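Colleague: Place chain H on chain Z using the hints.
There are 2 protein chains.
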Amino acid sequence: MSDDPRGIDSVLVVGTGLIGTSVGLALREHGVTVKLADQDPAAVRVACELGAGEEWTAGGPRVDLAVIAVPPQFVAQWLLDLQKTEAARFYTDVASVKALPIEQAAGLGCDLSSYVAGHPLAGRERSGPAAARADVFLGRPWAYCPGPETAPEAVRAVLSLIDLCGGNAVEVAPAAHDEAVALVSHAPHVAAAAVAARLAEASDTALGLAGPGVRDVTRVAGGDPALWTVILSGNARPVAEILEAVAADLGRAAAALRAAAVEGAAIDPVTELLRRGNAGQSRIPGKHGGPPRSYAVVQVLVGDRPGELARLFQVAKEAGVNIEDVRLEHAPGLPLGAAELHVQPEAAGGLARALRAHGWHVP
Amino acid sequence: MSDDPRGIDSVLVVGTGLIGTSVGLALREHGVTVKLADQDPAAVRVACELGAGEEWTAGGPRVDLAVIAVPPQFVAQWLLDLQKTEAARFYTDVASVKALPIEQAAGLGCDLSSYVAGHPLAGRERSGPAAARADVFLGRPWAYCPGPETAPEAVRAVLSLIDLCGGNAVEVAPAAHDEAVALVSHAPHVAAAAVAARLAEASDTALGLAGPGVRDVTRVAGGDPALWTVILSGNARPVAEILEAVAADLGRAAAALRAAAVEGAAIDPVTELLRRGNAGQSRIPGKHGGPPRSYAVVQVLVGDRPGELARLFQVAKEAGVNIEDVRLEHAPGLPLGAAELHVQPEAAGGLARALRAHGWHVP
Chain Z
295 MSDDPRGIDS VLVVGTGLIG TSVGLALREH GVTVKLADQD PAAVRVACEL
345 GAGEEWTAGG PRVDLAVIAV PPQFVAQWLL DLQKTEAARF YTDVASVKAL
395 PIEQAAGLGC DLSSYVAGHP LAGRERSGPA AARADVFLGR PWAYCPGPET
445 APEAVRAVLS LIDLCGGNAV EVAPAAHDEA VALVSHAPHV AAAAVAARLA
495 EASDTALGLA GPGVRDVTRV AGGDPALWTV ILSGNARPVA EILEAVAADL
545 GRAAAALRAA AVEGAAIDPV TELLRRGNAG QSRIPGKHGG PPRSYAVVQV
595 LVGDRPGELA RLFQVAKEAG VNIEDVRLEH APGLPLGAAE LHVQPEAAGG
645 LARALRAHGW HVP
Chain H
295 MSDDPRGIDS VLVVGTGLIG TSVGLALREH GVTVKLADQD PAAVRVACEL
345 GAGEEWTAGG PRVDLAVIAV PPQFVAQWLL DLQKTEAARF YTDVASVKAL
395 PIEQAAGLGC DLSSYVAGHP LAGRERSGPA AARADVFLGR PWAYCPGPET
445 APEAVRAVLS LIDLCGGNAV EVAPAAHDEA VALVSHAPHV AAAAVAARLA
495 EASDTALGLA GPGVRDVTRV AGGDPALWTV ILSGNARPVA EILEAVAADL
545 GRAAAALRAA AVEGAAIDPV TELLRRGNAG QSRIPGKHGG PPRSYAVVQV
595 LVGDRPGELA RLFQVAKEAG VNIEDVRLEH APGLPLGAAE LHVQPEAAGG
645 LARALRAHGW HVP
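One line per chain: the protein sequences are Z and H, in this order. Quick note on the working numbering: the first sequence kicks off at 295 and runs consecutively. Quick note on the working numbering: the second sequence kicks off at 295 and runs consecutively.
One or more of the hints may lead you astray.
[Stated by the list, open to error] Pair by pair, the computed Cβ-Cβ distance ranges are: (1) H/V656 <-> Z/A590: 47 to 55 Å; (2) H/V591 <-> Z/D457: 24 to 32 Å; (3) H/D303 <-> Z/A560: 38 to 46 Å; (4) Z/R650 <-> H/P639: 46 to 54 Å; (5) Z/R647 <-> H/A573: 44 to 52 Å; (6) H/L402 <-> Z/R647: 46 to 54 Å; (7) H/L374 <-> Z/E634: 35 to 43 Å; (8) Z/E447 <-> H/V656: 54 to 62 Å; (9) Z/R650 <-> H/V656: 31 to 39 Å; (10) Z/A542 <-> H/L521: 22 to 30 Å; (11) Z/A469 <-> H/G441: 57 to 65 Å.
[Stated by the list, open to error] Some chain H residues close to chain Z (C-beta under 7 Å, calculated; not the full set): (12) A486; (13) G507; (14) V524; (15) R531; (16) R569.
[Claimed, not checked] Listed next, the stretches of chain H that the computed footprint assigns to chain Z, with coverage defined by at least 3 CB atoms under 8 Å from CB atoms of chain Z: (17) 323-334; (18) 461-473; (19) 490-497; (20) 509-518; (21) 537-545; (22) 551-558; (23) 570-579.
No lab work stands behind these hints, which were simulated from the structure alone. Keep in mind that this is a model prediction, so the values were computed, not measured. By construction, the Cβ of each residue, glycine as well, lies at the ideal position given by its N, Cα and C atoms.
Here chain Z stands alone, though its shape is the one from the complex (with noise of 0.2 Å):
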């Protein structure tokens, strides 16, 4: 390792899918040398391609640390394989859970000194090197596990890879980190299947009244089969626990609704799921990890033809206001939409203003 203060300047990155490859973006993005491998040599080339670094030749020169992005379950017999060789001074991964490839890597009889498991929170819905990004660890949690055995010199390498990726640290023990992705990710994910496994024998006429909600609800729900059936294997009990419990509330749910249609009983345990929900929601915290965010909205109608949000756009900078997101509606066969300006609450008026002095209809 050099003096250079960014601590890393040479990355081996085991396992070119889409978190590798990123990873190769965003630290080529601040000159480290790169060097990828996986066992799908098109996708090697794909990533090399795409300017996420080069193809590693086994026996080169030891790199910094090797970042090793592959399942799981495969965590440890790399990580085995590549200390063996000699190939980084330092080595994580960046697999979904913690507690499994840590144990098969002590059981294994790994270095834990220099390893120190990681796991950046930015999945995609696509996958594959092609949905690659440098930017896709911008501003996201990125948790690591350093363990009692591991070298400061091994955890300050893979903070300054955070570092470089633009991810924040979150130190957190292996298990916390496990039961934490039941929670607000893998968990959820089945939860998502299980209400979109209603809707594969649904009448079109039923399907014909769906709205976003049900759209967000079951988004995720669109997620490789074979890949999340490789997450939730690695992170069982802790996914097993939290299902139970939902499914728990949705029983005693429908309990209290089927004795509501036969005796007219008031569903007080459905209000009060309802009600815990509320809490649970207004708990997740805003886009990037922050709290959560009230925007004020600006809805305004717009023509659906190219143009027409450049002239929105120009009328709010010309106002001086900052659009913090945006979201679009068309409907089909029509010529407008709506358009929702989300924008900080004391600009909200001045936007307004300013867009209908400027002939918009602002509802």
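Modeller: This is chain H only, laid out in the frame that chain Z set:
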């Protein structure tokens, strides 16, 4: 009723919440005379100020159509009272369940020949007259349920209402309607609440690892528990049946994960559920009831300052590209965000080239 092909010249809206007020706004845009009534005088005043119509006076001239926009369990009593005073020639409602108000209306001895039950699928996360919009029904399904006693003129009046509001009329039997909305709205709402409820007592560390997936799954769980208790009470049996099926699927998935955690068994029932989730999710129509659309996504880094998006849309305009949807993601404390521009697949390459030629960073 006049000879006007529109069929309805005057409408009474009872209940000036989100839907009732939006109906008034939409009808006013077509010059229809709109009278507004609500048990809360303040709600009527807000709706009048928004331009949704004028306050109704009992005993005034008979209107062509009364739109009863009150919670499901109060629809029949309003219908009876309005019919007693011959307030309107025809009647409809907009409640989210249909079997209950129709049964109650029959039980109360209402005239069923002049009544057509209806339900515009146009909910928003907000509620109340201030959230009303004339365009909230544009391109959305609007279910209506004529019965064996319904007069053809009553159906024509309701179809005129749907047409004036810009909705897509969908004829459906009351029981089929209620099963459909249980599947695509009510049960998903409860399931989202059950997932969100697990977060109420979670650690800050766990919530700090939350990403876009769990935000999507739980978004609707932010809805008003009192309002949803009423909705779910009115559709208890169909919702109970679906929740039981979802709970059973989740229970089986949990059992398979428990077995895997103890014995290292395969989790085939989970994979199977994920596959069924894939199949169901892919059947959900696109934004406005059409088949799901695949837009190409062009990603571009944008500065977090006024005018940046205006310049970007200007480039798209000059390239002749229509932007179908936009998602912005800003990283906190960073001057950069990523914009995802959704465009027709054939336009993506040209847009990316045009943006790059103007100095934009398209990863």
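Colleague: Taking the hints in turn, state whether each one holds.
Modeller: Structure-based check of all given hints:
Our hint of 47 to 55 Å for H/V656 and Z/A590 is violated, since their Cβ atoms are close to 30 Å apart. Here the CB-CB span from H/V591 to Z/D457 is close to 28 Å, well matched to the stated 24 to 32 Å. One distance hint, 38 to 46 Å for the beta-carbon pair H/D303 and Z/A560, holds here, with the actual separation near 43 Å. Checked against the given bound of 46 to 54 Å, the beta carbons of Z/R650 and H/P639, roughly 36 Å apart, lie outside it.
The supplied range of 44 to 52 Å is met by Z/R647 and H/A573, whose beta-carbon atoms lie about 49 Å from each other. For H/L402 and Z/R647, the hinted distance range of 46 to 54 Å is satisfied, since their beta carbons lie about 49 Å from each other. The hint said 35 to 43 Å for the Cβ distance between H/L374 and Z/E634, and at roughly 40 Å that hint holds. The beta-carbon spacing between Z/E447 and H/V656, approximately 38 Å, falls outside the hinted interval of 54 to 62 Å.
For Z/R650 and H/V656, the Cβ-Cβ distance of about 34 Å falls inside the hinted range of 31 to 39 Å, so the restraint holds. The supplied range of 22 to 30 Å is met by Z/A542 and H/L521, whose beta-carbon atoms lie about 25 Å from each other. The hint said 57 to 65 Å for the Cβ distance between Z/A469 and H/G441, and at roughly 59 Å that hint holds. Here the hint on H/A486 is kept, as its CB sits about 5 Å from the closest CB of chain Z, short of 7 Å.
For the restraint placing H/G507 at the interface with chain Z, the shortest Cβ-Cβ distance is roughly 5 Å, inside the 7 Å limit, so the hint holds. The restraint placing H/V524 at the interface with chain Z is violated, with a minimum CB-CB distance near 10 Å, outside the 7 Å limit. A distance limit of 7 Å between C-beta atoms decides the matter here; for H/R531 the minimum to chain Z is near 4 Å, and the interface restraint holds. Residue-level restraint check for H/R569 holds (minimum Cβ-Cβ distance to chain Z is 5 Å; threshold 7 Å).
Coverage of the stretch 323-334 of chain H by chain Z is violated [criterion: at least 3 residues with CB-CB distance below 8 Å; count 0]. Proximity of the stretch 461-473 of chain H to chain Z, defined as three or more residues with a beta carbon under 8 Å from a beta carbon of that chain, is established by the 5 residues found. Under a criterion of three residues with beta carbons nearer than 8 Å to beta carbons of chain Z, the stated coverage of the stretch 490-497 of chain H is upheld, 7 such residues being counted. Coverage of the stretch 509-518 of chain H by chain Z holds [criterion: at least 3 residues with CB-CB distance below 8 Å; count 9].
Remark: the stretch 537-545 of chain H is confirmed as covered by chain Z, as 9 of its residues place a Cβ nearer than 8 Å to a Cβ of that chain, reaching the required three. Counting residues of the stretch 551-558 of chain H whose CB lies closer than 8 Å to any CB of chain Z gives 4, which reaches the minimum of 3, so the coverage claim holds. A count of 10 residues in the stretch 570-579 of chain H with a Cβ less than 8 Å from any Cβ of chain Z is obtained; the coverage claim is therefore met, three being the minimum.
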